Amino acid sequence: MSADLLIDVKHLRKVYGKEERQTVALDDVSFSMNSGDFVAMMGPSGSGKSTLLQLLGLLDVPSAGTYFFEGKETTHYSGKQLARIRNEKMGFVFQAFNLLPKTSVYDNVVLPLLYSKIPSSHWKERVLSAVDSVGLHHRLHHESGMLSGGEKQRCAIARALVTDPAIIFADEPTGNLDSKSGQNIMEILRGLHEKKRHTILLITHEERIAQYAERIITVRDGLIERDVLL
Amino acid sequence: MKLSFAFRTAFVGMTRKKTRMVLTILGIVIGIMSIILIQSAGAGAQELILGQIRGLGSRTIFVEPGREPQGPSDFSAFLTDSLKDRELDALLTKQNVPDLEDMTPFVMIPGSVSAGSQTTQATTIGTSELFGTILDIYPNQGDYFSKEAIEAHASLALIGDTVREHLFGVSDGMGEKIKIKGHLFKVMGVFAKKGQIGMIDVDHAIIVPYTTAQKYLTGTDYYQALMGRATSEALLETVVDDVSRTLRDLHQIEDSSKDDFHIITQAVATERVKTITDVLTALLSSIAAISLLVGGIGIMNMMLVSVSERTREIGLRKALGATSGDILFQFLLESLMLTSVGGLIGVGLGAGISYLISLGLTRFVSVNWTYTFPVSAAVVGLIVSAGVGILFGLYPARQASRKSPMEALRYE
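Protein chains in written order, with my numbering: chain A, 227 to 456; chain B, 888 to 1299.
Chain B with its partners taken away, still in its complex shape:
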């Protein structure tokens, strides 16, 4: 049979009972749509997190105390005091890590801060002036504190845009006093709205000298992280190796599995995020794929009913010269077209809904969500839906093709 007529015949057969057809392909539509939605959401979330990680810069390294966290509830990193001035000095010694350009410590103090009667939640970050150099974040008013100010435990602060707005409203807040954990700091710099850079939400941050933070806010002598920068991206690996070796020597660690520190680079963080989001997406997609299976069974059921209802038609076609192969092909094509239409609608709906979600997130929740149309998932979805059509249509089509023309014609 000519292919165009085969398609026409299958189309006529498929649309014979329209309500039944719509209900049957709904299973496939929902299955494919869920997969597209999940894939698109997964890709969007991954892009969001990766975008933040990219903000770290490709030659930045973070050294954190304690072994690598084994999970979200692993707090060992925060409870370890393995990174102090001694470690910072050792790493900044040129012979130890020759390709390290800058390094600054981090002391983080989350909590409320106030100015006059106004109070807001913020993260106070004790660091050095290199914070700006490494992350490329500069205040649009004022400047970072000097090295001397750090040595002198000066009570100076730079504030993020949200902190400024909450504490000072429309005023720029320059020269004002803010109170953190009972200690007063003078505002010497204000950042414009910057959002999330790396792991730091700049808008909600207050930057103070780390020496001051240790002395007045934490009362400890250790750091929560050291942030550094390699002289070039190519030398990042060398810097990672040198930092590890230096810290192991300093802490007399011979077995790397017993490290009391861990190093995070953009590449490592990217890899980790990718792994986690990919696994999650695959897991959710496979759950969604179960609905495809259910949809396939629906298709098989409808095709079996259709074959039974059209027994006389099959007999007639055979009497007029259709071979078993022609009949098999006709019903298989019908099932394939059903699931492919379902697949196409599913891809369209999935893409449309995920686009609307990304619009909503960007507009109303102020998340910088990138809409991603998962091309590979759409292609795979269409292939899978066609496959479902063939797989679940094969049995009914075989049943149809095996009917004897004479018996089929006699069928009432």
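This is chain A alone, in the form it adopts within the complex:
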């Protein structure tokens, strides 16, 4: 196993429903990803890419297969262990931003730290650094509900960065944004990858957005159709 192998999944399968009402969302997916990679996962809606992200983000458990994260098999982990890995090792950016609307940018960004083991004396410094890296320091005490779409997503990226995770999962981060804001968000993600070597797994259905990554995995009907290095 390579020293910087971060994600290694083998024969991953996810089936929803029971008996005759079963839907196969993912069917025998195997792939791996190293630390420092910027991977885009593409595919039309219903292809299984979001399901794959949920499994990789430890938000859901696979029906079959193995998932090694940082060399450790995760499929038998307890809810508490999964929560700890999500908190310490993973950052999430969602299409719908998922901010707490009536709280400030600061309070949104600090959220993952509330559940972490990082001492509270370091929180402010971490939040400021994360907010700085997305250029949102001038909005620190603004209510998140009052921000523009692009700013909301930048706030969400700062929240994903605040624990200094091993990987950032970005699920259609530009899906709710106009093209200019979307481009801006992608520039930020690319900057994080290029300057700070952040590992990013991006989910998108747009070819244009996927082009920001170094590698594009195309998923169709629950299977990996193509895996291309750019």
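Treat the hints as calculated values from the structure; they're not laboratory data.
Take these hints with a grain of salt, some might be off.
Said to hold, decoys possible - The calculated label-pair distances, taken between Cβ atoms and stated as ranges, are:
1. Ser891/B / His367/A: 16 to 24 Å
2. Arg446/A / Val909/B: 48 to 56 Å
3. Lys236/A / Asn1188/B: 15 to 23 Å
Claimed, not checked - Simulated crosslink set (DSSO-like; lysine-lysine; CA at most 27 Å straight-line):
4. Lys236/A / Lys306/A
5. Lys421/A / Lys406/A
6. Lys1081/B / Lys1068/B
7. Lys328/A / Lys904/B
8. Lys328/A / Lys905/B
9. Lys1081/B / Lys1064/B
Predicted model only: the values in this text are computed from it and were never measured.
Note that CB positions come from ideal geometry on N, CA and C, so glycine has one too.
Place chain B on chain A using the hints.
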């Protein structure tokens, strides 16, 4: 999660919908407030009655005819003639009750009295000069009648302040004549305003020799009570035993359950009043507690709605690393804070309103009402309201904590 942040998160969650929050905690506020009001009123009433009983003095005993009254409508005591001169003489015999210091009979005649054209309602009490010694009540003008006056059936009277005011206005009334049941009495003493002492409202009382009362007012030869005093508080029990034994011997009673008299001491009266007021207070409080239950259901309802509305938030928190325990704790804390705030407001309002009531009673109704803040009820109320929060918040909090992060995030 750090506790201070947990409180902050719960506070933000709780105050998300302010009107709904206020309406929800109203149930708890009203429940706790009612309990505090009832407890405070109960304690105040108890204190009022106990204060009057304390006026009897700790070594005073009352012997009343008939068995112990079984309830407020039990008039047997008034209709029994088991206490007469013979009984009084027997009790005053040193060999029978060596530790009895004084004893005086009571004949009570309620009704109207008049002086000239003025008429008022009063209670005429036929007793002896020992009435003053035992109860420590002395007139501020004139004096009690002498033993000789009692033996001579003298028509002399001491009058309370209200009686004096109604009959004689600003005059002290000394030496004036008053008419009770057609018989004229000469006023030889006047009391200053004294209020209630023991069971006697001195201001509305007229004290006359018991012999005179029996001869001219009741036409009977029995007493309605004998009031005595033990030589010391420690010997009160001995006096009670000796009085009982003497009267049983005199009336040839072998079975104490067939006694034709009963004895009341300050301790017995205090105990009885305490029992009655405590039972009443507990009963009323338990009725008020039902509103807490209703309040609790309101809290549960609001928390369930809140959990449902915040499904995405729960999903997000879980995605960011919150464990099920963290979510459970957050919602439980929110519910606990809601009911505790309700409890605190309830205690404050209850204490405030009962204080105002006591002020009103003292100022406008002239009742000597002592304001009592029921500390134990307040503490219990706060604990109970917190308990209600935990109990009724547990189910919604569990619902919240069980949500899968992925499903919660997908929730629309």
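Consistency of the hints with the structure:
Between Ser891/B and His367/A the Cβ separation comes to about 19 Å, which falls inside the hinted range of 16 to 24 Å. As the Cβ distance of Arg446/A to Val909/B is approximately 54 Å, the hint placing it in 48 to 56 Å holds. Between Lys236/A and Asn1188/B the CB atoms are about 48 Å apart, so this pair departs from the stated range of 15 to 23 Å. With a C-alpha separation of about 24 Å, the suggested pairing of Lys236/A with Lys306/A holds against the 27 Å cut-off.
Our distance criterion of 27 Å between C-alpha atoms is met by Lys421/A and Lys406/A, whose separation comes to about 22 Å. Between Lys1081/B and Lys1068/B the alpha-carbon distance is near 25 Å, which keeps this suggested pair within the 27 Å criterion. Restraint check for Lys328/A and Lys904/B: satisfied, since their Cα atoms lie roughly 11 Å apart, inside the 27 Å limit. Taking the CA atoms of Lys328/A and Lys905/B, the gap is about 13 Å. The hint holds against a cut of 27 Å.
The hinted pair formed by Lys1081/B and Lys1064/B meets the criterion: a straight-line CA distance of about 23 Å does not exceed 27 Å.
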